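The primary structure of each chain is shown beneath.
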Amino acid sequence: MAQFLSNTMVLVALYALLGSGFVIVYRASRVLNFAHGELMMVGGYFAFMLASPTNGNMWIAIPIALFFSFAVGAAIYFLAMYRMIGQPLHSAIIVTIGLSILLRGIATLVWGADLRYLSTAFNVKNAPHLLPWGATLATFDLAIIGSAAVYLIFLFTFFQRSKLGFRMRASAEAPLLASQRGINIYFLFALSWSLATLSASLGGILYGANNYLTPEIGVVGLAAFSVPLVGGMDSLKGVIPGAFLVGFSQNIAMRYFDPKFGMAAPMILLLIVLLTRPWGFWGTKEEIERV
Amino acid sequence: MPGSGHFKTSFQKDMAVFDTPFRKLWLGILLAAVVAFPFFAPRYYIHLGNLVLLSSIGALMLNILTGYTGLISLGHAAFLAAGGFTVAALVISFNPPPPFWVTVPVAGVVGALLGLLASLPALRLRAVYLILSTVSIHYIVTLTVSLYQSGAGFISGINVPVGTIGPLKLENSKVWFYFLLAVTILVTIVCINLVRSRIGRAWMAIRDRDIAAAALGVNVAYYKILAFTFSSGVTAIVGALGAYYLNFAAAEEYTIWVGIFYIAMIIVGGIGSILGSFFGAIIITLTPYLLDGLFHWINVPPRFQAYFFAIQFATFGLLVAMFLILEPGGLVALWRKLRTYFEMWPLKYHRAPTTTK
Amino acid sequence: MFKYRVLISVVAIVVLVFTGCRPAAPVAKGEPYKIGMTAALTGPAAGTAGPEAEGFRLYMQKLNDSGGINGHPVELTVQDDRGEPTQAASNMRKFTDQGVHIVRNTSTSATFAPTMQEAKRANIPVVFTLTAPQEAQPSTPDPLFYLASHGIGTQSIWVYLDIMKTLTPSPKVGLLGLQIPQSSLQIQNMAKEAERMGIPALVKIVPADTVDITPVAQAFQEWGANWVFYTGPGAFSTMLFDALQKAGWKGNVLDQSASVPFETTEQKYKGNPNVFVGSAYVPFSEDLAPHKELKEAAQKYGVTSVNSLYLIGWHDGIVFSQILKQTGWPVTTDKLVNVMQNLKADRGPVMGPLKWTPTDHVGNYNLRIYKFQGDKLVGTGPWFVSDPLGQNRTSFKELKDIK
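Protein sequence lines correspond, in order, to chains A, B and C. Numbering-wise (our numbering), the first sequence opens with residue 1 and increments by one. Numbering-wise (our numbering), the second sequence opens with residue 292 and increments by one. Numbering-wise (our numbering), the third sequence opens with residue 649 and increments by one.
Calculated directly from the structure, the hints in this document are not laboratory data. A quick note: this is a predicted structure, and the numbers were derived from the prediction, not measured. Fair warning: there could be bad hints in the mix.
Derived pair list, reagent style EDC-like, types lysine to aspartate or glutamate, alpha-carbon separation capped at 16 Å [stated by the list, open to error]:
id, chain 1, residue 1, chain 2, residue 2
1, A, LYS260, C, ASP857
2, B, LYS465, C, ASP745
3, C, LYS768, B, GLU462
4, A, LYS125, C, ASP857
5, C, LYS710, C, GLU944
Reference listing, derived: stretches of chain C covered by chain B, where coverage requires no fewer than 3 residues with Cβ under 8 Å from a Cβ of chain B [said to hold, decoys possible]:
id, stretch
6, 739-750
7, 824-836
8, 920-930
Think of the CB as a built atom: it goes at the ideal place given N, C-alpha and C, for glycine as much as any other residue.
Make the full structure from the sequences, and use the hints.
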């Protein structure tokens, strides 16, 4: 049982990390970012690409990879999402879908479809560690939990305490008023996209190190989609309980019911949420009227 | 158009879809070209034509649902799957298998019922949340279908025999082309008239501002259910026809990407426009093949051949994204701009007919 | 109108860049032998199918540069089907329009039905890769369908269980399959076989898009498995083993070298005594003549790195060239089928000979177990040879003794 809980916590942490990216982007651009999974995958590949130039030094390669992804996020905003302002919702969503196809194609082109292991690339053994409560988790399992925790704490403090975070919340909630107060909302929206891409890359790097890297791992990002849907598309607070619900429902289905329903369990959960509280358990109710 | 010298002298003429002789001429040319097409084209191209016709009807139905009624649905693949698998289930459950003209309508009915179920969330949810309910419907249906397929012991898909309508055997690509063309024309005529009728106006009212529509006495729930049922039923028929065309039904065929591509079709083509559905279906269905032809024609050296397909895949995504960024109104908007340009030529603009000085 | 200029210039640049490239003229002259290959070059199965297709293409290129077959060049058309049935159907129709003589399918089992439909309609033989549909299996195969290279098959399952029994006195096997036909069916067959052999087995079938395999790993661990086995596309074997090792499991994994390349497994599990790899071909580490040839060809034609999966494609190329050589010219389906139904192809020292008979279109299955000695995977024990119907279960024949 302790083992099951610990393993599921790793999944929950990964989902929370990825889910937060969806929420940030939604608050800024009001769009469902279907390319999030692919951004995760690309981040992992950035780290892979940097493995040889940095001689397998993970502590140099990973920050550089994160920096690249930060830049990529801003680029995506300015090249694509900026021009979709004012366009209907579905167009923007299709743009992100097109983007995801593009990224997958580019990844297959540049890095090939073969399997890659980030742990091997950085020469870090993903060794098991026995934990005080009887469960065993590997190095990167713990890294996922740790990074997700650190990142989410950072996000919360950023949005609640810092001036920049305040402004981001303001421009997400009332863009017109915020811009009239002199806030450069476009810069802040780009920042949102960069932050989201950063979190996606981090997730991708950790997943690549803990599991493997192929151009298809974007499906993990898509599975994480259910997290903000359950927790509330515009609620960062809801990401954590959302991640818990999705992660646990998935693993309980896999372990104690039939594994075939493993990936369908979050879908069923999603349907229940949609029929009862569509705006998610922690989302703002007016969201639904506003759209 | 003002000053064109063309007057509508009767109510009938006013209501006609193709009003000017010019338009009738072009329609005639188009029809003639399409009918003559299978005689000149190699079999592969006729096959592509069939795929385009099938996806046009599907796109048209999605446009009715999403473009005219405003109910954005990513679950289109579910209805295709329902149609295809109803046919498959009927064909393997009875010996001798029921004929084509029985299974296809039954598939349509099944699809309509499924659409009825799918419409229920639509009565409560809007936009983003509606999209998500359609996504979960997609996953539920495809899961059911794939469990059915493995449960029935068919490894790689269920074989569907050749369809026959009376003496007509639907076997040859050419025969299929004309059959699908007839079906497409029929469906299009129905849709054009639906859209101009009371039902269509109700749909558009719901799309634009459903609260106001309700205030004006439109039974919103009824029309939403109607939209879903109608579009799902016909989509299921498309799925059934597809199963007969390829002579098999496989659960792997109905991925979420199919639904996404259909949405892409109507958006790239032009949402809320019948012509747009066709444009979109043609572009999205054919682009991979066009790119393929382009790359083969350009003769990329063998070194790069391995990268061919990744490039094609990436280019497809790029085109879709770029197109939407540059022309969000879709191909129909482009078409209209083009037409206006030619109508106005050599002038660039004309003064508005009502002047206030 | 600026944005339209952007759109048009992008398209123009793409076209111009590629227009500058022209292929080298083939060395052999004359009417070509036409081969069509439909492969999952992009999409989920691309990791496995891509290299296999590429190996085949390399062999055909080498063949063309050294004069072709019977003096005729070989024209290979490769089409991506992304593992999707509709794409495969379109590809097959394109091939039949082009008049190909023989087709190779290197893709997922979802593409089997449309490939076979069109092949039957156009009367063209198809050779599958690694797995074959029911129509190609003994003992009443369709004359048009064959299997040249082996993944796990119904007849070879017992070999894996036999190996586990030999290496561990009382094996308890955890069997993992994906919820796709080629995987779940074989896992279930394996479970039945295990029951027959008196080996306890636990079967878990997971969805193909599973994100986290740890619950299943935990289930196996708690059940007390000391072996795990997976068959199917993708890296689930290593994912499962990793999940188990992370939890401190001390059991063994029997990995099939057809899903994840030999070299990748070798690099990842350096020196791990619990990893066993079953390989149907001699890996690169033994550096025999065909390995050298393949590496040369790869370098010559600009492929940056090769792994064992390329070997499979390369050897299928050898089989195809022998089929076509024996058929002569001109090519008709009847002649081809005649040759293929009685084929004895020598695939060299890496894969051994291939034999097809009218009742057996898959040939015998060779398997050798590799385990770690130091950092390298080294063959342990001799080659198992499983006869086509899995009935004659005498194992332990040397590779060169295979007739």
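Hints versus structure:
For the hint linking LYS260 (chain A) to ASP857 (chain C), the alpha-carbon distance of about 10 Å falls within 16 Å, and the restraint holds. Taking the CA atoms of LYS465 (chain B) and ASP745 (chain C), the gap is near 14 Å; set against the 16 Å cutoff, the hint holds. A distance of roughly 13 Å separates the Cα atoms of LYS768 (chain C) and GLU462 (chain B); the hinted pair therefore holds under the 16 Å criterion. Proposed proximity of LYS125 (chain A) and ASP857 (chain C) is contradicted: the alpha carbons are some 26 Å apart, above 16 Å.
With a CA separation close to 10 Å, the supplied pair LYS710 (chain C) and GLU944 (chain C) stays within the 16 Å bound. Residue count for the stretch 739-750 of chain C with a Cβ under 8 Å from a Cβ of chain B: 4. That meets the three needed, and the coverage hint holds. Judged by the Cβ-Cβ criterion of 8 Å, the stretch 824-836 of chain C is covered by chain B as claimed, because 6 of its residues qualify and three suffice. Counting residues of the stretch 920-930 of chain C whose C-beta lies closer than 8 Å to any C-beta of chain B gives 0; at least three are required, and the coverage claim is violated.
Consistency note: the structure conflicts with the earlier hints numbered 4 and 8.
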